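Engineer: What follows is each chain in one-letter form.
Protein chains: 2
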Amino acid sequence: MDTVKYLLTEDQMPAAWYNIQADLPEPLPPVLHPATGKPIGPADLEPLFPPALIMQEVSQERMIEIPEEVQTIYRQWRPSPLYRARRLEQFLDTPAKIYYKYEGVSPAGSHKPNTAVPQAYYNKQAGVKRLTTETGAGQWGSALAFAGALLDLEVLVFMVKVSYRQKPYRHALMNTYGARVVPSPSEETSAGRAILAEHPDSTGSLGIAISEAVEVAVQDEQSKYCLGSVLNHVLLHQTVVGQEALAQLEQVGDYPDVIIGCTGGGSNFAGIAFPFLGAKLRGGRDVRIIAVEPAACPTLTRGLYAYDYGDTAHLTPLVKMHTLGSGFVPEGIHAGGLRYHGMGPLVSHVVRLGLVEPRAEHQLGCFEAGLTFARTEGILPAPEPTHAVKAAIDEALRCKEAGTSKTILFNLCGHGHFDLQAYIDYQAGRLRDYEYSQEEVAMALAGLPAVDG
Amino acid sequence: MDTVKYLLTEDQMPAAWYNIQADLPEPLPPVLHPATGKPIGPADLEPLFPPALIMQEVSQERMIEIPEEVQTIYRQWRPSPLYRARRLEQFLDTPAKIYYKYEGVSPAGSHKPNTAVPQAYYNKQAGVKRLTTETGAGQWGSALAFAGALLDLEVLVFMVKVSYRQKPYRHALMNTYGARVVPSPSEETSAGRAILAEHPDSTGSLGIAISEAVEVAVQDEQSKYCLGSVLNHVLLHQTVVGQEALAQLEQVGDYPDVIIGCTGGGSNFAGIAFPFLGAKLRGGRDVRIIAVEPAACPTLTRGLYAYDYGDTAHLTPLVKMHTLGSGFVPEGIHAGGLRYHGMGPLVSHVVRLGLVEPRAEHQLGCFEAGLTFARTEGILPAPEPTHAVKAAIDEALRCKEAGTSKTILFNLCGHGHFDLQAYIDYQAGRLRDYEYSQEEVAMALAGLPAVDG
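First to last, the protein sequences are chains A and B.
First residue of the first sequence: 244, per my numbering; consecutive thereafter.
First residue of the second sequence: 244, per my numbering; consecutive thereafter.
Bear in mind the hints are in silico, worked out from the structure with no lab data behind them.
Computed from a predicted structure; not experimentally measured.
Virtual Cβ for every residue (Gly too), placed ideally from N, Cα, C.
A hint or two may mislead.
Claimed, not checked - One side of the interface only, derived from the structure: several residues of chain B facing chain A at Cβ under 7 Å: (1) V247; (2) F334; (3) P338.
Stated by the list, open to error - Where chain A lies over chain B, by a calculated footprint (3+ residues, C-beta under 8 Å): (4) 248-257; (5) 261-272; (6) 441-451; (7) 598-611; (8) 642-651; (9) 659-669.
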């Protein structure tokens, strides 16, 4: 059997992030102030983010240099390997070639440190002492806790309660890195208390946890807020993934026909897809790009493209995105990292432009794909990227039916070492799929703010 | 900050294992048949192991070729990275240079797949259908389950009961790879039933679990037994670790003054140390080598060097090794992978020859070292290698006191993603250290078989 792993040397690690805003055929709609409904300026974001990240959020420059100290930390696990899934191909008996970029090699076990490290770095540069954030599945919280430990910053994490309960070892990992973890909704913020007053048994949502983390950051001068996905600068930082994949495939002499990523807020998806999409927008090779979301949180496939709040308590600006409404609390599925009512504005924008094909998958099929992957490739995927695995397998089987060989690339954005309860529940038949009725979706969308975009 | 990670290309991966038996100043004492007390021959081992592994067990050849199919699977994660622990050095403010080889990058999360894969391979070549084994902490069981999945073999794991309870997600991982996991002592074997009849609340031990796995293998023609440490061929397979470290340090232009590994049965220790020890025995550079064991299972530091059984039910041959007696059930400490009453004969032999310095450490100090490591280097060590981390930190601090710069190399043989309960218990102050009295040790040793070696 031939080589299965493709590496780059550290010299070949990207020295700049790729900003797709430079290549978009239409610019992103502006972000609006929640009080005035007018476009916001950098000053409006200053209570939340340090200046360097605000600049990155709105930058139109194509390449943005990665600071030397961030590169040094990246080098602990980057460049990450690109794998050819030869055993999976054999098992499926497909003529397709399947490649996956494996981001589980980072110390926190996912792609999230790619942005946690620069976010901590720029905050530290700005004199910030404490970072607040939310986490769903816990991958983002672990990554920020890791970055905080390395850069000597306090970290306070509001963890969605259902994930906090499902994954005791995830918050233990954050504690081990020195972070404080609070199950959300909590009594520590007025946003949390308001939810608990109405729904004492609330299992939480990313939208609620964001409200809590933002509230604390705004009220404390020494604190700033960090987000693990959705925002432009977060997606920007993840483009090291796709840039490396491009270089790795170039070395093999290959190029993807199809690129697949799972989407919650959109950061791992954008990370792998945007460098290829940018190349296409600049006149390069065509490529089909698929964004896979959970059917239990069908933002891209059943939501509206409209202005909405990023959080439940309406503390954030209004952004134009695919959304199910900021009051939407998705089913407590195991892919906690994909349970967000909205979607990154950049991802929404390219879906709107027809450059990306959205798809929804139910969790039972995804876990089945995850088990198949573990038993062939040997790596246990986190529940989130099982959505990408499922779509990759389906595409490969379509190639088999059609008798065509295509090159499929997907992002295996994290391992499932902290998600074994999900696999236990799946194998014991305790999981179910959930399909929202038209009425449920319509009710959720009825709450959208009346803003003309 | 300079580079922290040193990689090799796949071409530089060792193509042969290093067999220290070729370079020993005195040969290993023979293995004896339990019934006759006479040296055993290959035929005596055939019920347990396939011919290729029996040959490796007794081989005196220096280099033993790694089969192409095994190399292909190794390449999924090998060569593994060598890290310079610059952040830890800074934190300790030591003039010492600390390097660590990181084996947690394997899909099973430890060094164990280095031997699980060839063991599964040679068994498959011999027509075996099912592998039986025991596991303590679960790292070995996970590794064999992984290898079984890739090579399409059934796997049955007897897991020490205390670990089975402490680490539910470890056996879930094995299930995910398709293995069956039974808490030991169990009702499935006469060895297990005998223990349970006498001690219904037995938390188990590696010695008991070995008896169960051996019993099943001997009784079923389609099954063979696999061991994750102790035996010569197992230690042999692990030498890819030290060979890579040698090549990686050579690229940097460095050479260790001190090499450190934790020891249970001795396999990760031998893996990193033997290639350097072999070079020294062939007239190469001197190097101090430290084997760190838990004070709660002080085989090398308080046991006897004597003939003993490898298991509790006395189904295995008699081997000369450091032992606390096959009836010894060590305290239920969290470093389950180090709770073995004996020690690999090769490791015992080189300790006996004065080539290796044994040391015992208590678990509280080890967990403290593990936390320091996680917060500086970002990687959470499994409880077992925290023993090596502790010794490395102590050596580095000694360098600081003495004002000398030494090069320290240790084996970080696995991550702690499945060991977070241990870190939770440690941080909550629920762990304790245990020191055996002279009487307890003497009583355990009194049960040693009367064999002249």
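Engineer: State for each hint whether it applies.
Structural biologist: Hint check results:
1. This hint holds: B:V247 has a C-beta 6 Å from the nearest C-beta of chain A, less than the 7 Å allowed.
2. Nearest Cβ of chain A to the Cβ of B:F334: about 10 Å, over the 7 Å cut. The hint is violated.
3. Contact between B:P338 and chain A, as hinted, is not supported at the beta carbon level, the nearest pair being about 21 Å apart and thus beyond 7 Å.
4. For the segment 248-257 of chain B, the stated coverage by chain A holds: 4 residues have a C-beta nearer than 8 Å to a C-beta of that chain, and at least 3 were required.
5. For the segment 261-272 of chain B, the stated coverage by chain A is violated: 0 residues have a C-beta nearer than 8 Å to a C-beta of that chain, whereas at least 3 were required.
6. Chain A is given as covering the segment 441-451 of chain B, and this is violated because 0 residues of the stretch bring a CB closer than 8 Å to a CB of that chain, at least three being needed.
7. Here's how the segment 598-611 of chain B fares: 0 of its residues keep a CB closer than 8 Å to some CB of chain A, so the rule of at least three is not met and the hint is violated.
8. Coverage of the segment 642-651 of chain B by chain A is violated in this model, with 0 residues showing a Cβ closer than 8 Å to a Cβ of that chain against a need of three.
9. Here the segment 659-669 of chain B counts 6 residues with a CB under 8 Å from a CB of chain A, which clears the bar of 3, and the coverage holds.
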